[in-house]
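K.L.:
The lines below spell out each chain.
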Amino acid sequence: MKITQISVFLENRKGRLHEVCSLLGDNGINIRALTVAETESFGVLRIVVDKSDEAVALLRENGFVANFTDVVAIEVGDRPGGLAAVLKIFATNDVNIEYMYAFVEKHSDKALLVFRFEDADFAQQVLARHSISVVTRKEIEGL
Amino acid sequence: MEVPFWNKEIETLDRSSLEKIQLERLREAIGWSLKTPFYSKKLAQAGIGSPDDIKGLEDLRRVPFTVKDDLRRSFPKGHLSVEMTDVVRVHSSSGTTGIPTVIYYSREDLERWTDLLARCIVATGAAPRDIFQNMMTYGLFTGGLGLHYGAERVGMTVIPISGGNTKRQIQVMKDFQTTVLHITPSYLLHIHSQLQADGIDRASLSLDRALIGAEPHSENTRRKIEELLQIQAFNSYGLSELNGPGVAFECVCRQDMHVWEDAYIVEIIDPETGENVEDGQEGEVVLTNLIRQAAPILRYRTRDLAFLHTEPCACGRTHRRLSRIRGRTDDMLIIGGVNVFPSQIEEKIMKIPEVATNYQIHVDKKGALDRLIIKVEIYPKLFLGEASKLDALRQHIKEEVRSSIVINPVVELHEPGSLPVFEGKAKRVVDTRPQE
Amino acid sequence: MIWKEDVECADRAALQVLQSDHLKKLIPYIYHNCPVYKQKLEDAGVSPDSVQSIDDIKRLPFTTKEDMRDHYPYGLFSAPQEQINEIHVSSGTTGNPTLVGYTRDDLALWSDVMARVLCCAGAEPDDTIQIAYGYGLFTGGLGFHYGALEMGLRIIPTSSGQTARQLKIMQDFKPRIIGCTPSYALYMAEEAKELGIDPREGNWRIGIFGAEPWSDSIRQEIEDAWNMLATDVYGLSEIIGPGVAQECQYKDGLHIFSDVFFPEIINPETGEEVAPGEDGELVITTLTKQGIPLIRYRTRDIVSITYETCRCGRTSPRISKIKGRTDDMIVVRGINVFPSQIEHVLVGIEGTQPHYQIVVDRAAHKLDQVEVLVEVEERFFSDEIKHLTELRDTIKKEIQAVLSVGVKVTLVEPKTIERSMGKSKRIVDKRTL
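First to last, the sequence lines map onto chains A, B and C.
Sequential numbering of the first sequence, starting at 1, is according to our numbering.
Sequential numbering of the second sequence, starting at 1, is according to our numbering.
Sequential numbering of the third sequence, starting at 1, is according to our numbering.
Same shape as in the complex, but just chain A (with noise of 0.2 Å):
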């Protein structure tokens, strides 16, 4: 099951982040999860909310570029190796992870980690086969 992360192009500019997030927070949207990958002149700030739609409109809205890209949240266990292990099942079932980002807050006592896989679906088979949970969208929203 797959969710929706939000991605905006940003200036490496002062102060710009902080636009975003209060843009976001002004209107009501939570920021579950977070993480920027960035270049000597600009960044990417990717996103997960709880109200995605509404998020992308309203940034658009205010003149950032804003798109939707898919990833799948996993839950993981909040202990030493508990990361270890699911990406070893990655690594020998040859499941390439684009990029990786942590959640703020803990689900049912488990990490919440988020992955940008290269192919998606067969990431999902292989999670699918070794029973490790994905969190789904509606989830996400409850949180």
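Please note that a few of the clues may not be correct.
Below, computed lysine to aspartate or glutamate pairings styled on EDC-like, alpha-carbon distance capped at 20 Å [to be verified]:
#, chain 1, residue 1, chain 2, residue 2
1, A, 14, C, 418
2, C, 396, B, 423
3, C, 397, B, 9
Computed Cβ-Cβ distance ranges for the label pairs, DEER-style [said to hold, decoys possible]:
#, chain 1, residue 1, chain 2, residue 2, range
4, C, 44, B, 1, 36 to 44 Å
5, B, 230, A, 85, 25 to 33 Å
6, B, 21, C, 216, 56 to 64 Å
7, C, 340, B, 312, 57 to 65 Å
8, B, 73, C, 165, 17 to 25 Å
In short, the hints are calculated from the structure, not lab data.
Glycine included, each C-beta is placed from N, C-alpha and C at the ideal position.
Based on these hints, arrange chains B and C on the given structure of chain A.
P.N.:
Relative to chain A, chains B and C alone:
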């Protein structure tokens, strides 16, 4: 076959008349040389104090060799036979590090050199009607301006585009329907890749000839160039110490390069002993410039390895032919104790049809052992096939190379465009072994 | 020394006779050899034999950069291709570059006017010249080369760049003359100091600087830095390359070689001639060229002109330094850059009207830097950094291929580039020229 000439009388002169001219000019060159601080000393040590001490061509062997370090040591003016006021041009070798080799020309020197270059161009069949895109670097490097003078002398339409900016090069080829290129072989192969990548139809271009030089390359590379670009490729030989391009050039027969023997005396020696070898045997090329007054140069050791043909050429020229440069005495790699010339590797890999247009040779050390890694670009469609086929190709390349140099290389296959591209002289060998 | 004293110091009446003679031959030559011009002359109601004196020039139609572009490559040639000995190409406004073709006689003309330039700057026959203008398709390098050959100077063809080597050659060969762009002369002075060389102790005594606009305050800076005479050379590839006009030691305007390049100064709006001393657009007719002779070519350079005899003895008219342009062209490191070229590249990549801005800057004594800001549109925005950097690199590569000058490309957020009257402000030039 029609054989064009620039100066038919000189180019087809019988051997004895040619040698008579050589002797006269050698005496003249000795006279010039005696006026330079460097040669007056050197020749005196060899017992030559006047041009009259040269009785026959064989007396040239009494003259000591000149090596690159001699030119560097006496920089800048130890080699001048004339007053600085008579020097009208200064060029310098591509020595970007350390002291460059400087070359001086008088007005007459430039005139004679230009005439020789016109001879080279016409020998390939190129003519005044041709549109000549000169893709060698202009400036202190002799490759660009040298052929520029020659092409203007012939009366071609010259486009002095210099090196680099591949897109623009191709645009100009299209817009002006260029017919003749002057270019390094590696850059020409890159041009081909770019044409393919841009989906440009060869038929939209009018290319007939490529004059290729400035870096050693194998016969298979030439064939590859001719097949891929549907063009005739002519080998060119020259080095800035001896004026620049125009020492030897291929004629329409394309069976190795005529050395213009009225302008240069060519010898082939054993690089170890310094003795002259039999005709037809490979050795180091040694050249004496008979037509440069401002900075004469006698018996210059080029470090290039080649041999002289003993058979006459079908074109009727009497000037002997020099083989392609088969290696350099100083680019020889010693890998695991075995002598390897990069040209041997190139010769093997360029005849394999799956191999595209670019390659690189790496040498490093793994533990105590030398390791040879050959990186080749192959055509992209091959990557779509089965992995087993790629393995077989890798194996094939490996065996081909091993059959030639005895060493077992590591072969890496790369997608086109992934290896470094050179818009001038290519750097094919990367040796990362620690210096002893 | 004056290279061609008989024409450079001729009295005005004699000069006009010469100009009239040239024009009387030129117009029929063009009319019968160049169909495009034939049409143009007919449209203007000019029959070739009606042109009898230089004063008739006012009846002739103008030629513009668009004419050159529209008839690229061979449309404006009057000589057949077999007679063309050399071709140069410079950047055009969009798409097609501007082309120059020289016959053997045109090359001889170029050599002659460049020898006049060198003499006018103060070169003597036994001088050595270091030519640090770029060699190749750019006309700067080879133009100086031909002039120096004609004059018999000793030539060191260093071409542009490799500053440390330029300075070493200056020290080793002590050339009295240097030719390069004015900004490069300043840059080299700074580099010299870094390398522990005092530029005032350097060997260059006369500089012939051109290919980009520069002011008298830059001149002062160069002269102080190098302890040399800094002179200005003017030319444009459409006319011949460098060699159209040159300052003498008095630095009081550039002597234009009007026996071969006939100048008029016009009001760019009305096309009417303006009075001497008044600013207007420089229009040039090439009176003797064969390959691509041009009638009343509009240079788009704003200058003024004087016809008074100079203290050096030359009677040739003198034009001022370039005071501006009638279009939005800028010159960066000697290369002409039109915003439309960059726009053309972006349209090619993005397929739509792009929003962009060109920022040109020169840090103190450094070379010009060009930065192109491009707004990222939704369609091109990718979540992958890799794709965005690829987009940026493609834009950079394509712009560089067109301009032949290095640029920095920066992707910016939409609507961040200022729009005035619906159109973006395309160029921000932060340099003090």
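K.L.:
Decide, hint by hint, whether the structure agrees.
P.N.:
For each hint, the structure was consulted:
1. With a C-alpha separation of about 19 Å, the suggested pairing of residue 14 (chain A) with residue 418 (chain C) holds against the 20 Å cut-off.
2. Of the supplied pair hints, the one linking residue 396 (chain C) and residue 423 (chain B) holds, its CA atoms being roughly 18 Å apart against a limit of 20 Å.
3. Taking the CA atoms of residue 397 (chain C) and residue 9 (chain B), the gap is about 51 Å. The hint is violated against a cut of 20 Å.
4. Taking the beta carbon of each, residue 44 (chain C) and residue 1 (chain B) are about 54 Å apart, not inside 36 to 44 Å as hinted.
5. Between residue 230 (chain B) and residue 85 (chain A) the beta carbons are some 59 Å apart, a value that contradicts the proposed interval 25 to 33 Å.
6. Between residue 21 (chain B) and residue 216 (chain C), the C-beta spacing of about 59 Å keeps the proposed range 56 to 64 Å intact.
7. Against the hinted window of 57 to 65 Å, the Cβ-Cβ separation of residue 340 (chain C) and residue 312 (chain B) comes to about 60 Å, which satisfies the hint.
8. At about 19 Å, the CB distance of residue 73 (chain B) to residue 165 (chain C) agrees with the hint of 17 to 25 Å.
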